[in-house]
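A.B. asks: For reference, the chains in residue letters:
There are 2 protein chains.
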Amino acid sequence: MNKNKQVGYLGPEGTFSHEAVLKVVDETDEIKPYPTILNIFEDLEDNKIDMAIVPVENSTEGSVLITLDCLTNFNNIKIIQEFQIPIKHNLLIQHGKTIDEIKVICSHQQPLAQCREYIYKLKKPVQSMPSTANAARYVTEIETAAVIGNKMLADKYDLKIIDENIQDYKNNVTRFLVLKKDAKTKPTGHDKTSIIISLYDDKPGGFYKVLYEFKEENVNLTHIESRPSKEGMGKYLFFIDMEGHKLDENISRVLMKVEKKVKMFKILGSYETINC
Amino acid sequence: MNKNKQVGYLGPEGTFSHEAVLKVVDETDEIKPYPTILNIFEDLEDNKIDMAIVPVENSTEGSVLITLDCLTNFNNIKIIQEFQIPIKHNLLIQHGKTIDEIKVICSHQQPLAQCREYIYKLKKPVQSMPSTANAARYVTEIETAAVIGNKMLADKYDLKIIDENIQDYKNNVTRFLVLKKDAKTKPTGHDKTSIIISLYDDKPGGFYKVLYEFKEENVNLTHIESRPSKEGMGKYLFFIDMEGHKLDENISRVLMKVEKKVKMFKILGSYETINC
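Those sequence lines, one after another, are chains A and B. Quick note: the first sequence, position 182, residue 182 per the UniProt record's numbering, numbers continuous. Quick note: the second sequence, position 168, residue 168 per the UniProt record's numbering, numbers continuous.
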């Protein structure tokens, strides 16, 4: 990556997005926390930052819907890379306290959902907060509250980890996208391409005809997701992720064929899968 | 509907789910608010209630994920009816206050998401709450807070409506399901059937082969949604809604054919679409 870039991420400091952004930026890059994913897209569109890292999908809870909606609405922002990190949750409380003294479990809604069975067994009520870092700050003030989040919170907020690896599914991972405005990428040999489409009507077989083209070109689809088009109940956009780069011959052919069959067609990017 | 049934819904009183449940129960039915959708499924499974009404999909924000997850996990609970209601949001504050004095907008995350553009123009921070009713109660205590929710909140919490119909998309509707344990339904002529499937592997064309069967039997799919199977990234369940009843000839045939091609197959119910 280039030097001295400004890179936006979903803050505040101490969140899993913070952990993710630290894995891919250079030391000379300046990282900038944002209160919402929408704000990140707005500033990237306005050239106020050079790059952004946003969560798009968790293996337990599914897609981050606001990320999909922003990818739909911001036409100049492209995906240039993807990577995933393991998400391990911990229960943290104030030093000197015990679990029996805890009256409420606080966190962002995603960790709360990813630890649903664990929380159910604790038999304590939950409180949804804007971020894990907000929840940790709250726990520093309220001695009967606990927070679910990553280990970074222990140091940053001077809290005690009383239970580790508490997510219901042990292989819990989150996929992040690296975004850039008006970006073009070259095939690397381990790429994916993401598109959004909408269909002309709801006739039987409408979506079937689209999938037929991918099958004909032997393209593997790694994810299909429907989201409301917001035009009313029963009208959907389809997010389709496939293996390959749009400059690969078979991907190039299939995209041309699909574009002719659908109402709305948009390429979100062809991007390398990187290991962190 | 029969008399003196106990019907569970997502409470507390004053939510859109409360509005929905009032549209379909008889006067003699006893309605019971629950703190979470998971609790509703648990009590229905344990025969503590006879029926339940849960939200499953909003035309702006998409599926209610916890409802899909519970439909996956509770094997004896079937969908027996569906209906939809328009969701009109309002901004409410304490009597005697003005919008300029408001410092924070409170609501459940779904209304906050459905009024994203409206809130963006207000330039005020938001606070996510467990329900619109919780948020309204908070506003009765905090004079600089406003709540987004339905009109019922004005009477119930003695608040003033200062803006109406504020959702970003005017045709905003939510689809609700009526659930019953071990229920069997008969075709009414305006039915839908919902199934969950998972595929054996991620070979190109795996999902295509499933859709082929629906196309061959001329069955219209009204919704396809993927959710993580929680077995790791890239493993999905597909929720498929189709027009018709499982006792209809073509639906019966297509379900048999699909069941043979997939790894996991579960019928969530064949159910009438009712108008409220």
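Don't read these hints as lab results, they were simulated from the structure. Glycine included, each C-beta is placed from N, C-alpha and C at the ideal position. Take these hints with a grain of salt, some might be off.
[Unchecked claim] Chain A is faced by these chain B residues, among others (derived, beta-carbon under 7 Å):
1. 62
2. 128
3. 187
4. 211
5. 227
6. 275
[What the hints assert, rightly or not] SDA-like mimics (lysine to any residue), calculated; alpha carbons at most 25 Å apart, straight line:
7. 266/A to 226/B
8. 97/B to 66/B
9. 215/A to 216/B
10. 261/B to 223/A
11. 230/A to 168/B
12. 235/A to 276/B
13. 103/A to 137/A
14. 23/B to 266/A
15. 123/A to 43/B
16. 230/A to 120/B
17. 215/B to 198/A
A.B. asks: Hint by hint, say whether it matches the structure.
C.D. replies: We went through each hint and held it up to the structure:
1. Because the smallest distance between the Cβ of residue 62/B and any Cβ of chain A comes to about 5 Å, under 7 Å, the interface hint for this residue holds.
2. Annotation: interface hint on residue 128/B holds; nearest CB of chain A at approximately 5 Å, less than 7 Å.
3. The criterion of a C-beta within 7 Å of any C-beta in chain A is not met by residue 187/B, whose closest approach is roughly 19 Å, and the hint is violated.
4. Checking residue 211/B against chain A by beta carbon gives a least distance of about 4 Å; that is within 7 Å, so the hint holds.
5. For the restraint placing residue 227/B at the interface with chain A, the shortest Cβ-Cβ distance is roughly 5 Å, inside the 7 Å limit, so the hint holds.
6. Because the closest C-beta pair between residue 275/B and chain A is about 13 Å apart, greater than 7 Å, the hint is violated.
7. The hinted pair formed by residue 266/A and residue 226/B meets the criterion: a straight-line CA distance of about 20 Å does not exceed 25 Å.
8. For a cut-off of 25 Å, the pair hint linking residue 97/B to residue 66/B is broken: about 37 Å separates their Cα positions.
9. With a C-alpha separation of about 17 Å, the suggested pairing of residue 215/A with residue 216/B holds against the 25 Å cut-off.
10. Taking the CA atoms of residue 261/B and residue 223/A, the gap is about 19 Å. The hint holds against a cut of 25 Å.
11. In summary, the hint linking residue 230/A to residue 168/B is supported, as the alpha carbons are separated by about 9 Å, within the 25 Å threshold.
12. Of the supplied pair hints, the one linking residue 235/A and residue 276/B holds, its CA atoms being roughly 21 Å apart against a limit of 25 Å.
13. Between residue 103/A and residue 137/A, the direct Cα distance comes to roughly 16 Å. Compliance with the 25 Å bound is thereby established for this hinted pair.
14. The hinted pair formed by residue 23/B and residue 266/A fails the criterion: a straight-line CA distance of about 41 Å is larger than 25 Å.
15. Of the supplied pair hints, the one linking residue 123/A and residue 43/B holds, its CA atoms being roughly 16 Å apart against a limit of 25 Å.
16. In summary, the hint linking residue 230/A to residue 120/B is supported, as the alpha carbons are separated by about 18 Å, within the 25 Å threshold.
17. For the suggested pair residue 215/B and residue 198/A, the alpha carbons sit about 18 Å apart, so the restraint of at most 25 Å is met.
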